[in-house]
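Those letters in the sequence shown? Residues 1 to 60, by our numbering.
Possibly wrong hints are sitting among the right ones.
[What the hints assert, rightly or not] Simulated pairs of lysine-lysine, BS3-like, Cα-Cα distance not exceeding 27 Å:
{"no.": "1", "residue 1": "Lys18", "residue 2": "Lys55"}
{"no.": "2", "residue 1": "Lys5", "residue 2": "Lys18"}
{"no.": "3", "residue 1": "Lys5", "residue 2": "Lys55"}
[Unchecked claim] Estimated spans, in silico, between C-beta atoms of each pair:
{"no.": "4", "residue 1": "Asp41", "residue 2": "Lys5", "range": "24 to 32 Å"}
{"no.": "5", "residue 1": "Arg45", "residue 2": "Leu15", "range": "25 to 33 Å"}
{"no.": "6", "residue 1": "Ser28", "residue 2": "Leu52", "range": "27 to 35 Å"}
{"no.": "7", "residue 1": "Gly30", "residue 2": "Lys55", "range": "15 to 23 Å"}
{"no.": "8", "residue 1": "Lys18", "residue 2": "Arg45", "range": "16 to 24 Å"}
{"no.": "9", "residue 1": "Lys18", "residue 2": "Ser51", "range": "28 to 36 Å"}
None of these hints come from the bench; they were simulated from the model. Think of the CB as a built atom: it goes at the ideal place given N, C-alpha and C, for glycine as much as any other residue.
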Amino acid sequence: MADIKWKSGTLVKVLSSKQVLRVVGYDSVGSVICELIENQDRPLRLYASPSLLTKRGVEH
1 MADIKWKSGT LVKVLSSKQV LRVVGYDSVG SVICELIENQ DRPLRLYASP SLLTKRGVEH
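Put together the whole structure using the sequences plus the hints.
Here's what the structure looks like:
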């Protein structure tokens with residue numbers, strides 16, 4: 001199964017969480033780099049496999 005390619009700026013969440021993240025890019029091994037959108041003072045980044053993310057508002 002091919003991984004979804006998320007675009008920068010897309011709002012996503014980790015399948016096991018309700019925390020909303022914004023996609024900011026990819027690293028050299030294909031992990032999606034996301035930032036917490038609620039943390040404006042000091043961005044917290046999360047590196048996740050594309051298969052662990054879902055578009056915000058979509059329940060699985």
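Structure-based check of all given hints:
no., hint, verdict
1, Lys18 / Lys55, "holds, 11 Å"
2, Lys5 / Lys18, "holds, 21 Å"
3, Lys5 / Lys55, "holds, 11 Å"
4, Asp41 / Lys5: 24 to 32 Å, "holds, 30 Å"
5, Arg45 / Leu15: 25 to 33 Å, "violated, 18 Å"
6, Ser28 / Leu52: 27 to 35 Å, "violated, 18 Å"
7, Gly30 / Lys55: 15 to 23 Å, "holds, 18 Å"
8, Lys18 / Arg45: 16 to 24 Å, "holds, 18 Å"
9, Lys18 / Ser51: 28 to 36 Å, "violated, 18 Å"
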